[in-house]
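Enquirer: What follows is the residue order along each chain.
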Amino acid sequence: MINRKKFDFTLLALLFLLISLGCVAIFSASTTIIGDQVHIENNWWKQIIFALLAFGVIALLLKLPLPIFEVMVLPLWALNILALILVLFTPAVNGSHRWFALGGINIQPSESAKLLTILMVSRIISKEHLNEYRQILYGFGIMLLPVLLIMIEPDFGTTLVFWTSLLAMLIAAEVPLFFILLIISPVVSVVSSVWWPAIPIWLLIFIFLLLRAHLSWVTITVASIGNIFVALITPVLWMALKDYQQNRVLTFLDPTRDPLGAGYQIIQAKIAIGSGSMFGKGWLLGTQKNMNFLPEHHTDFIFSVIGEEFGFIGCVLLLAVFAAFFGRLIRDVSELKIKERKVATAGIMAYLMFQTFINIGMNIGLVPATGIPLPFVSYGGSNLLINTLSVGVVLKYLNERGFIK
Amino acid sequence: MTKPPYILVFGITLAVLFTLLSAALFRLQVVKGADFERIAESNFVRIRRIIATRGEIYDHKYRPIAQNIPSHNLFLTSGKIRNLPALSRFLEVHFGIKPEELKTLVMKQRFKTYEEILLADNIPYEFMLKLSEQLNYYPELAFRIGSTRSYLYPNHFTGYVGRINEDEYERYKTEDYSLNGYLGKTGLERYYEVLLRGKDGREIVQVDAQGRSLNLFDPDSNLEPLNGLSLVLTIDNDLQEFVSNTFPAGMNGAIVVSDIRSGGILAYVSKPDYDPNLFMQKIDEETWKFLNRSEKPMLDRVIHATYPSGSVFKPLTAGFGLDNNLVTPYTRLASCTGGMKVGNRFFRCWNSGGHGSTNVIDALRVSCDVYFYDLSLKMNLDRFQEYARAAHLYGKTGIDLPNERNGFFPTTAWYRKTYGKNVGIIGHKVNLSIGQGEVLNTPIQLNAFYAAIANNGLWTQPHLLKQTVGRGRLTREQVMPLEKKRLPFKPTTLQTIQQGLWAVVNAPGGTGANAKVNGGTVYGKTGSAENAMGRTTHAWFCGYLVTSKPEIVVTVFLENAGGGGAMAAPITARIFNYYIGNLEKIKQTAPLPPQFRTVQDISAEDVPGESPEAETNNNETDDPAEQSGTENDD
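Protein chains in written order, with our numbering: chain A, 119 to 523; chain B, 400 to 1033.
Quick caveat, the hints were computed from the structure, so don't treat them as lab data. Nothing false has been slipped in among the hints.
Straight line, CA to CA, 27 Å or less: simulated DSS-like cross-link-like pairs of lysine-lysine:
1) Lys399(A) to Lys511(B)
2) Lys164(A) to Lys507(B)
3) Lys777(B) to Lys820(B)
4) Lys889(B) to Lys948(B)
5) Lys479(B) to Lys399(A)
6) Lys514(A) to Lys181(A)
7) Lys399(A) to Lys431(B)
8) Lys795(B) to Lys884(B)
9) Lys164(A) to Lys511(B)
Derived, one-sided and incomplete: chain B residues facing chain A with beta-carbon distance under 8 Å:
10) Phe409
11) Val505
12) Arg601
We put the beta carbon where it would ideally sit given N, CA and C, even for glycine.
Could you build the full structure based on these sequences and the hints that come with them?
Expert: As structure tokens, then:
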């Protein structure tokens, strides 16, 4: 089943390494030492079971004939959308409707929606004879359905993952880069309106880049005026918000404004990671971890345990493994020749990379806290399963490249 | 092969993001690493609960009944434990905490090892001083000052607070209770828990081991606690004390004194009583045995115990007869010859000498059982039960205390179910008519019933809370509306019964002559209820005092004490005498103490004649600081 010449063993090895490192960290996070009493939660072997399960699923996937796999995508996606609707009617957990609780196992349909939506979008926008406008339009159209449903849950962080992977897929589909620039320009305009000198600087860069792309003057003028309008209207809209709404947005951007809530977790994570210093305190010896300041430190804040116990050296090594892993994925995007598969691989790469960046960034206070787990490392069965399966899809594409073309 | 442009875009993105992360990590771990190590060592960034001060309980003149006093408590931070065996030994020797107990406590909190666990509360000051030195060896232990309750006198209505137990924690944890928290366990402390408790605040403790602030957070971000509301009761401490002292020593029973107009309870005594302060310390075995001795001091005999009511029930029977035109006030029924034969059974009257043929007023005066036996033969049992329910002699009164008992009054259906289909109802009805047999009442039910008779038929829910003071001033009506309704009596019926109750005390030959006092007219009814608890009867007296207007109603109940006229009536007289002697003092409204006054009160004082209460404030309790404050405001 494995084609020795085509199969990407390096990618599989890096994946295996990441999951193993995760288990080591989870073992430590599950350990509490009180005096000479050592108490270990059973999370780590649950994670190992899920990892084995995930590799089993990859093996099955590799055996599965490709046509059958491709036929399955649409019905599975439809089922997933149905699950996203149904999950809205479940009782709220911590104020949001994200999980189906089935006999102690929580299933989060927005996890599988990431992979299936990427596969759907890549199929649609890779159709031949589509112009750029249609590619963008169809891509957005398909993304919007799950994104809206996830917004209702509400789970803002996950929706960002969808948009990022859509951008990457459009780039990989070789939509001209100025289209991408046009798409993200309103977002940059909104951000730049925070500090008014940034607006003209941004607009100059924007116009310069559009000129470089040899666009018509009409397009450039319309795009510039549109962006000026967005940049100027943002403060007006901001003022129109109620105080508590403003506060909610500001707290999302800067959690330390709410030290009794999200800010508390961020500062505890920062203390844990910072106190790890250059070489760390050693495996199982983290003091902050042991005090259990962070209630979720085996899931979203697993990086704080790694940072505390393995220090800067350990963190950079982990980052290096991640970088090698993503570098490998990027290389694989260019290896694949069938457009649909290439686009899908780019989407999978982007969603994993974005989650990695957001999670680590959140742990060290660089980006807002959004409750996104660290791929392959954080504890969590369904998350691990879907992430590994996504890589499995890439491995399958690589393994069977050249069969058709 | 040239690389396609997207590879470049992806590659650059990857490089930028990971460089950013590495740089941030370098700054956090290498540049600032030493700072964070210091912070981590002292572990002093955490959220701490600021416990809201629990509301206190006052009598109607703002004199304290339950107060907060400081206490010393021992806390454990399990994450700091270094030597568990040594700690176990230390705690076992000094605080009697068994090692297994400690282990379960610690294990239960293993996901929050930074959170302090309350190990022991109300530690005596001297003991704490003695141990303070040894505490240096146990950094995981710390003494902290908290607050505990002090109750002025033994009673049954305040109840007491206690540590939250596991079941309660599971039930109430969504309402922001902590495992170290307290909550009202019984009595008013439990009933008004929501008002008394307030809302805990949160603070961020963020100093390092040297006490330097770390400036990680805005110091204004603390959440201030909202203190609980204090309760002002209708209880009068002086009267309560007098009633408690006048209660015959060594007897069991209850006395309730309440205001006829408002329905507010002035004195609430159940004997033997217990000191709620006992529950503020760990209760040892001996105390526990003492509290559970055969006299049952923990039992609140006013609302938690039901008794056969005997002759004090008769006004209801009389009312039923009159209202349904079974008899008129002038109708004389069967002649009492010391009893009466119903069917083949002879029912005795309490007076074997007999009373002859009586009308309803005389029957009440001499408490002739035969009159009621005869009346009962004309009555329908189920309608009588409804009547009793309408008069609140069956069913809860709704007093503001937890777990009130219903009392009991049977129906035909109940008899059929209990004794079989062919039960003879008549014999039971005869018994019920004089408050014997299956009928059971709580003293509070009878108290409210007699208050309603005195208040021309208007039944008011008996209650203890007059108003709240502190953060918010709410009257009892605002907290929870008082139920008020008419007794089922017709006006003429009520008049007849009042005449009967007057005759009991004031007419020659009345059984309640002992309750007579100078300075007011007493109405009442004696009762001597036979019961299963002993050979001697329960002594009852329910009566009310009218001066220029209806004043107070007193219910005296003594378990197995003998005759109501001989035993209970004299106690009632003493209470009435005391009340008449201190009428002015009890009725005078007390000025609001300065600590409860709000800006509104102070500005109200400046407007002369605005409200009479504000004027009293002005005359009596002003302190100069407050006044100067007012002037500045203007």
